[in-house]
Amino acid sequence: GNSVTQMEGPVTLSEEAFLTINCTYTATGYPSLFWYVQYPGEGLQLLLKATKADDKGSNKGFEATYRKETTSFHLEKGSVQVSDSAVYFCALSDPGGVTQGGSEKLVFGKGTKLTVNP
Amino acid sequence: NAGVTQTPKFQVLKTGQSMTLQCAQDMNHEYMSWYRQDPGMGLRLIHYSVGAGITDQGEVPNGYNVSRSTTEDFPLRLLSAAPSQTSVYFCASSRDRLNTEAFFGQGTRLTVV
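If you read the protein sequences in the order shown, they are chains D and W.
The opening residue of the first sequence carries number 1 in the working numbering; numbering runs sequentially from there.
The opening residue of the second sequence carries number 119 in the working numbering; numbering runs sequentially from there.
It is possible that some hints are incorrect.
As the list claims (entries may be wrong) - Straight-line Cα separation of at most 35 Å, DSBU-like style, residue types lysine-lysine; simulated pairs:
(1) D:K60 with W:K132
(2) W:K132 with D:K110
(3) W:K132 with D:K113
(4) W:K132 with D:K56
(5) W:K127 with D:K110
Don't read these hints as lab results, they were simulated from the structure.
Only chain W is shown next, with the shape it has when bound in the complex (with noise of 0.2 Å):
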C-alpha cells in the first residue's frame, strides 16, 4: 500500500541548477498539492492541482513550476534554485477538492548553497 511517494528524500543543489521532485500517487486521488515546511512557518501551498490537466499556484510559487499529465504524476520543478528554496518539501494528495482527508508524502529535505 504505497500511497503518496516521494523523490528524492534527500537533495543538495547549487544556486542556479535545476531538478524535479518526484511525487506519485496510487489512490487515483483528483486533488494533489505540494507544500514547503519551513521552521516557524508551518507548511505553505505551493501549487495545486485539482486533476490531470489542470494546475494552479498557491501561496508561494515563485520559482517553482508544476504539470499534471496523469492523475498519478505531479512533479515540482525547481528553475533556477536558490538558497531561500532550502526547505522540506511535501507532496499531498486526496480523493478530491473537498480535502476530506490529505494523504501526505514523507518529504523531500532540499539544501540549496
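The following block holds chain D by itself, in its conformation from the complex (with noise of 0.2 Å):
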C-alpha cells in the first residue's frame, strides 16, 4: 500500500540556517505528493505541492522537487526565520492507484517538528 516516511523530528536550528526534511513515498500509481505545515494551535495548511515526476512546487521560499526515480519529495528553505517553526507533513495522494490496488485518500507522514531560534 501507500505510504510515507519523513525524518524524525525534532529539528532545532539558528535564524538565517539553511533547512531540510527528508520524505520518501512508497506507491502503487504515479501519486500526487504534497508538504503540509500546522502552526501551533492550527490545523494544517497546504505549503507546496507537486503532481508529477520533476515537478518543483515552492512557496514562501520553500521548495521540494517530485523525483520518481528515488521516490523523494525532500523539503528545503536556503534561510529559515522563526515565523517557520511549525510542524512540517510530507503526504501524497495517489488517485490512479483505486485500480491498481492502492487509495485515493489522503496518506501522511508522522511530521517533523522544527524549531528556529532567533
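Take the two lone chains, each set in its own frame, and fit them into one complex as the hints suggest.
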C-alpha cells in the first residue's frame, strides 16, 4: 500500500540556517505529493505540492522537487526564520491507485517539528 | 471566508459518554474526511465521504460513526467514549477525491477521563 516516511524530529535551527526535511514515499500508482504545515494551535495548511515527476513545488521560500527515481520529495529552505517554527507533514495522494490496489486517500507522514531560534 | 469550521474546540468527556463533533464547510467541496492526530503517529484517517449520502471507513474507524446528509456538514459521532480516544481531531475537505488541496479545520482537542 501507499506510505510516506519523513525524517524524525525535532529539528532545531538558528535563524538564517539552511533547512532540509527528508521525505520518501511508496505508492502503487503515480501519486501527487504535498507538504503541509501546522502552526501551533492551528489546523494543517497546504505549503506546496507537485503532481508529476520532476515538478518543483515552491511557496514562501520553501521548495521540494518530485524525484521519481529516488521516490523522494525533500523540503528545503535556504534561510529559515523564527516564524517558520511549526510541524511539517509530507503527504501523498494516489488517485490512480484505486484500480491498482492503492487508494485515493491522502496519506501523511508522522510530521517533523521545526524550531527556529533567533 | 469561513472555510472549514469545527466545533467545539475543546471537550472533556467521561468514559462511556457519547458526543458529536461538528464539521461544516462552505466551499461546496465534495470530499470530506476526519483525522485524529496523536503524538508520534501523524494523522490517521477515521472516516471519509466522497459526497452527500456516501461514507466509507478509513484507517481507524472503530468507535466512531459518521453520516453525510448534506454537502456542507460531516459530523463525527463517538458512540461510547474511551480514554484511547483522547486525541486532537481534524476535519478536512477538498474539491474532489483527487485531493488536489485539502483544507483543514482548526481541530477539536478531546480528553476522555
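Item to check | Violated constraints from the hint list, given by number and in increasing order | outcome: Of the numbered hints, 1, 4 do not hold.
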